[in-house]
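Q: Here the working numbering is used: the first residue of the sequence shown is 11, the next is one more, and so on.
Just so you know, these hints were derived from the structure itself, not from any lab. Warning: the hint list may mix true and false statements.
Unchecked claim - As a list, the in silico DSS-like pairs of lysine-lysine whose alpha-carbon atoms are at most 27 Å apart:
id, residue 1, residue 2
1, K15, K36
2, K29, K124
3, K105, K69
4, K204, K142
5, K15, K26
6, K29, K18
7, K105, K70
8, K183, K105
9, K36, K24
10, K124, K145
11, K36, K23
12, K18, K32
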Amino acid sequence: MASSKAEKREERKKLKQEKAQKLADKFTSSSQIKEIKAPPQRECPKTPITPQDRAASVKKLPSITEKPAISSTTMTWCHSLADIEDYWTWGESRKWTESEWTSEILRELEPLTKLTWSEIARMETGEGKKRKRRKRHHPQPISSIISEAQQRWSNLNLEQFDTAYRFRLGGTKRVWGFQCGSHFYMVWYEREHKIYPV
């Protein structure tokens, strides 16, 4: 009886090895190693979007009457509606440099595309006032930003979005834009933290 159990065990072991070998042969013979392509690198915008194109693009965005439940969705983003024309009154250019694009904007925003909006909302930074930690990225009512930025927001035909979303890149650098569902449209990159001074 003992030899019978041992023989059955050996037979099962042999069948398992044959099955594993067949599976390995199937993958090595039928599949070829495919070249792994890196995702396309986002390019720094070179020319500003025209007011007419911006207005047409904004009109195509869905009108959101109720805030959708996006906390479990991953963040996506683009710069298709970025405002890179002219200067703020304090002398800061709205257009970012190639270096700022790669070393600041992409470096900070690209990793966030692997996170859900709820994970992004939970991120905190620094000691802050009275040694309290504060939200690193958060929504910001348009009515609370400086009047120049409010006027510019209106000039960009973005009045339907009464709340902006602000990403802190580090120090005084911020990216401003708005959410449309789980997608973030980047509008401004600021270096000096003057759009919403604290």
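Q: Are the hints correct? Go through all of them and say.
A: Hints, verified against the model:
no.: 1; hint: K15 <-> K36; in the structure: 31 Å, violated
no.: 2; hint: K29 <-> K124; in the structure: 37 Å, violated
no.: 3; hint: K105 <-> K69; in the structure: 24 Å, holds
no.: 4; hint: K204 <-> K142; in the structure: 22 Å, holds
no.: 5; hint: K15 <-> K26; in the structure: 16 Å, holds
no.: 6; hint: K29 <-> K18; in the structure: 16 Å, holds
no.: 7; hint: K105 <-> K70; in the structure: 25 Å, holds
no.: 8; hint: K183 <-> K105; in the structure: 13 Å, holds
no.: 9; hint: K36 <-> K24; in the structure: 18 Å, holds
no.: 10; hint: K124 <-> K145; in the structure: 19 Å, holds
no.: 11; hint: K36 <-> K23; in the structure: 20 Å, holds
no.: 12; hint: K18 <-> K32; in the structure: 21 Å, holds
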